Every structure is written in structure tokens, then in C-alpha cells.
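Protein chains: 2
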Amino acid sequence: MLNIVEAIKQKYEANKCPAIPSTRPEFQLFFNDLVTNDFNTLFKSLPEDRDYFVAGVPGSFLDRIFPESSLHFVYTSHSLHWLFKLPAELEEENSPAWNKGRVHYTNAPDDVADAYKSQFCEEVRKFLDARAKELVGGGMLVIIMSGTPVDLPLSSTANGKMFEFMASTLMEMVREGLIKESQVDSFNLPLYQSASPEEIVDIVERNGCFSIERLELSKPSSWLKGAAVDVPAWMMHARAAMEGNFIKHFGSNEVVDEVFKRLTKKHLDHSELLPQWCNQDVQLFIVLKRKKIISM
Amino acid sequence: MLNIVEAIKQKYEANKCPAIPSTRPEFQLFFNDLVTNDFNTLFKSLPEDRDYFVAGVPGSFLDRIFPESSLHFVYTSHSLHWLFKLPAELEEENSPAWNKGRVHYTNAPDDVADAYKSQFCEEVRKFLDARAKELVGGGMLVIIMSGTPVDLPLSSTANGKMFEFMASTLMEMVREGLIKESQVDSFNLPLYQSASPEEIVDIVERNGCFSIERLELSKPSSWLKGAAVDVPAWMMHARAAMEGNFIKHFGSNEVVDEVFKRLTKKHLDHSELLPQWCNQDVQLFIVLKRKKIISM
Chain A
7 MLNIVEAIKQ KYEANKCPAI PSTRPEFQLF FNDLVTNDFN TLFKSLPEDR DYFVAGVPGS
67 FLDRIFPESS LHFVYTSHSL HWLFKLPAEL EEENSPAWNK GRVHYTNAPD DVADAYKSQF
127 CEEVRKFLDA RAKELVGGGM LVIIMSGTPV DLPLSSTANG KMFEFMASTL MEMVREGLIK
187 ESQVDSFNLP LYQSASPEEI VDIVERNGCF SIERLELSKP SSWLKGAAVD VPAWMMHARA
247 AMEGNFIKHF GSNEVVDEVF KRLTKKHLDH SELLPQWCNQ DVQLFIVLKR KKIISM
Chain B
7 MLNIVEAIKQ KYEANKCPAI PSTRPEFQLF FNDLVTNDFN TLFKSLPEDR DYFVAGVPGS
67 FLDRIFPESS LHFVYTSHSL HWLFKLPAEL EEENSPAWNK GRVHYTNAPD DVADAYKSQF
127 CEEVRKFLDA RAKELVGGGM LVIIMSGTPV DLPLSSTANG KMFEFMASTL MEMVREGLIK
187 ESQVDSFNLP LYQSASPEEI VDIVERNGCF SIERLELSKP SSWLKGAAVD VPAWMMHARA
247 AMEGNFIKHF GSNEVVDEVF KRLTKKHLDH SELLPQWCNQ DVQLFIVLKR KKIISM
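Those sequence lines, one after another, are chains A and B.
First residue of the first sequence: 7, per our numbering; consecutive thereafter.
First residue of the second sequence: 7, per our numbering; consecutive thereafter.
Derived by calculation from the structure, the hints in this document are not laboratory data.
Just so you know, not all the hints are guaranteed correct.
Identical copies go unnamed one by one, so any copy, or any two together, can satisfy a pair.
In the DSS-like style, the derived pairs of lysine-lysine whose C-alpha atoms are separated by at most 27 Å in a straight line are [said to hold, decoys possible]:
#, residue 1, residue 2
1, K139, K17
2, K132, K298
3, K15, K139
4, K50, K139
5, K139, K123
Owing to the predicted nature of the structure, the values given are computational and were not obtained by experimental measurement.
Let's have the full structure, built from the sequences with the hints guiding it.
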């Protein structure tokens, strides 16, 4: 956020009219998260000598959370690929989208992948509808999230491999009697990680309120250190992001400890392949501009 | 806050022009408190079906916490009589404002009362300076806080009597060896409860940015039930407001339990006098309007 504030300040300074006495623009930053987030810790972690105003906004960003035309710049990083809810079909044992023996749509039948995709499109549609109302005409919406080229199977990416390893780890634990098979069958991670640029263009055009200023796939490569991958750091990050889902479903910290211990080992056992899996364009960078609002 | 939102909606409906198609005004409510407040509990306690937007704003309201001209209505209830810090003179043993054997300026020498008053005026000055910047021209600032008529000694009000009883209770506990006398001498409650309408007029006029729309003293009478006073409810309320100060200074919950047990008894022992002490004009209701801002 501070980089954004600095960039806007610099642009303002560069473009201001020398004939008009200088005023410093003021910034008000709103931090949004679900109401279950710990806003107290967020507020205490903000620097005391900040030169911007802050506010915390609780609530789902799929809904309206700000007044009409009240925002100039919206930034969301690594959130939009998290689904607010799993597609209902995944939870019905007789549905063709019942995801037996897997934890994600990686390597799953089309019915499973389609259910994830529909849910993702529905949530992004709601997200764009809400932001279109809240942004001023000319306002910017910047999104960083997971994505893939349209022709790259998720199973050949680092995340796809991780979901495969999670599934095989859990099935091992089923065979050892540590958890039940039905628990694995009904467990699905609410992550859509293969939005393609083409999909994004389609959703944005259906919304109709935004122009696309930038739309790029890039390599996040956070875990690539030279030619090697820092597996423990990657696994710690993955656990921080996902352990809530595991604990809620399997009901015990011990299961999660065991899953991530085995998962780390599986990744280390494949260390010669990791650089190739990690070296893919799986991060979407999207810059949208709210079209001018023409009042009637 | 909801009463305020409803009142503004009604006024809007009553004054709108029949020739212009109806739009519903949107409301964004900002809740401000110190960063140590529990915003998580606040957010979870908000109704889910609210028809207004919310945000939490951490920080002292003596400073700027909102952008310039960004607020239309500010409301603060029972906060402004709490001092952010005690006057430094009260903490110096050789100062004429050393408040020996008391916990407040009630019944104290003028030096003590003057130190409290200076601190209060300084804090209200800062508060008004900040709000004058943040409110739009024509915006409203409504304050409810403790106050007294200029000629009413605090010692003849319910709060003044409570501070007297607190001091005598603590000195009893000194004699019984439960606490040290030096602890009582250095303990002062950061409350200024005798702002008079004349004092408020003076501070507002020095600020110069507000017109005074209403300025009234009234009886809060919360503890007056018919002719009797609900002492346990009053003491519970007083404890909720002040126990943090006691615990921080005396370092133990047991001392606070003992203080409020004895304090309750002292009030019950004087129950015939309580209605008279409570029946005073000790609540200030202040309505200010930000003067129009004329840009150069």
C-alpha cells in the first residue's frame, strides 16, 4: 500500500501546475477483511508516524462495503482466487462433481473443475459489480492473484503438484488408519488457481464498467532461489494459508502437523523437478480502470 | 448513531424536491477509539442486516484522523471529559498541585483544579482544531459530556461526592495497611467534570470555526428511579469506566474489589441524600456547526 501512496504522490508532484500554489494531497487507506480477521493486531502494527489516515472495514468484498463513487484506487493481492464458498455439487456424494480421493480440481474430472470455475466466475462477477459502484469514474482497480495460461494444465504447476501430493498424503494416512476415507472425499480446498487472461477478459467485458489497462501473467518465483527451491519456506507459507481449512475439516492440529511433515518430505524427494514446476507463469497482474460515469 | 442516521434520512425525505427522481442517501459510519480498543468485538457486534457502511478508525481524536472536509456529522458521547493525560504538576511531590489524600480535584486547592482545567482546555482546543479541518462547511459536531453550571461546586454533585468517598475509602485502606499513603497521594483520576457553558463558549470562540447551535445543561438522572437511586447499577457503571485506572495504579484486582465494595456501602449509607446529589444539571449537550469554508 505504501508503494501505491508513494507512486500517486510522485505522479501528483510531477503533474501539478506550477502556477497554482502547492497543496499536499491527503490519503485515507481502508483495510478490508472478513469480520473474523484480527483488526486489533492490524491497527497496532501500523507505523505511528504515518502520513496517511487509516480505517478498517469489516465484511466480504463480494458485497458493497463502501459508498457509491467514494474510492479512487482499490488494490487486492492474493485474495480473489480464494472462493468464499465451495460449489454445492462438491458436497453431494451422488453428484458427478463428488471429488473422491482429491482435495482440489487438479487432475479431477471436468465436472469438478467446471464447478470450481462457475463458483469463481460468480464471485468475481459480484466483486466487480460492487467495485464498479464504489469506484469513481477513472478510478483504478489493481488485482494480483493466481492464474495460468489457458493451455497450461494446473497439474504441471507447483501448486497443482502440491495439491496432488496433499491428496496422496491424505490417502496414505487413510491406509494407516489415521483418518477416514470419507473425510478425504469430502475435503476440498476453496482455491481457484487457473484463471486465464481470456477468462478475466470475458468476466470484465460482461461487467462492462471497466477498461483493461494491463493484463499479464508472470512468474511469482518466490520460492526459487537461483536454481533451487526453498521447500521449508514454501511449505510454511502454504500451511499458513491453508491450515485453517484443514483444522476445520479434520478437527485436529496433529493431522495438520502430519500432513505438512509428509508434504515437505514429498517435495524434498522431488527437488530436482521443483525448479521446473515453479518456473511457470502462474501470477495474474490485472489493472482495470473504471469507465467514466455519465449521469443521466 | 442509528438515531442520527434515521433523523438525517427523515430530514432528507422531508426536504427533497418532488421534481427530481428519488435517490436514497448512503451512510458511512466511522467508529473511532484509541488503538487499544477492541475493534474486533465492535465489528462482530454490528447488525448484519445494516443499511449503512462501517469502518473503524484507530487513534486519538485530539489529532487529525480523517482527511480534510470529509465528514458531515461528528458525534461524541461521554468521552471529551476524559483527559488523555494528567497535568504534569499533579505528579510532582513539591508542586502546589500535589494532590495529597485525594483522587480528583473535587475539594482540592485551586492549584489542583486549575491544573485539571488547563489540561482540559488544551485537549478540547486540539479536538476542535482537528474536527474543524475534517468537517465540511455546514457540518455538525454534537458533543455530550459532563459539565456543571459555573456556580455549582463539584462537591455538591453526585460525581463530586463519589470522588470524596473514593478518597476517604482509600485513606481508610491506608490506615488498615492495605495500600500505601504515597499510592493514594499520587493517584488522580483523569476526569474533568465541571466544564461550564461559559468555558465551552470561550473555547469555541477562540477556535473560531464553529457557530454554537445549542448549548444546554441537563440532568442525566440515569440512576434516579422515581425518588430512589439505583446504587448498585451506578457503582457498576462507575467501576466499568474507572477500574482500568485503579488497576494500572494499584496493580491488583483485589484492591479494586475492596474499593468498590466499600464505595457502594458508603453510598447506600447516604441513600437519603443521593436523590438531591443526583438531581443536578451535570450533563452538557453541545451542538456546533462548522462555519462555511471560504476558499481563497
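| Where does the structure disagree with the numbered hints, that is, which hint numbers, in rising order? | Hints that this structure does not satisfy do not exist here, as all of them hold.
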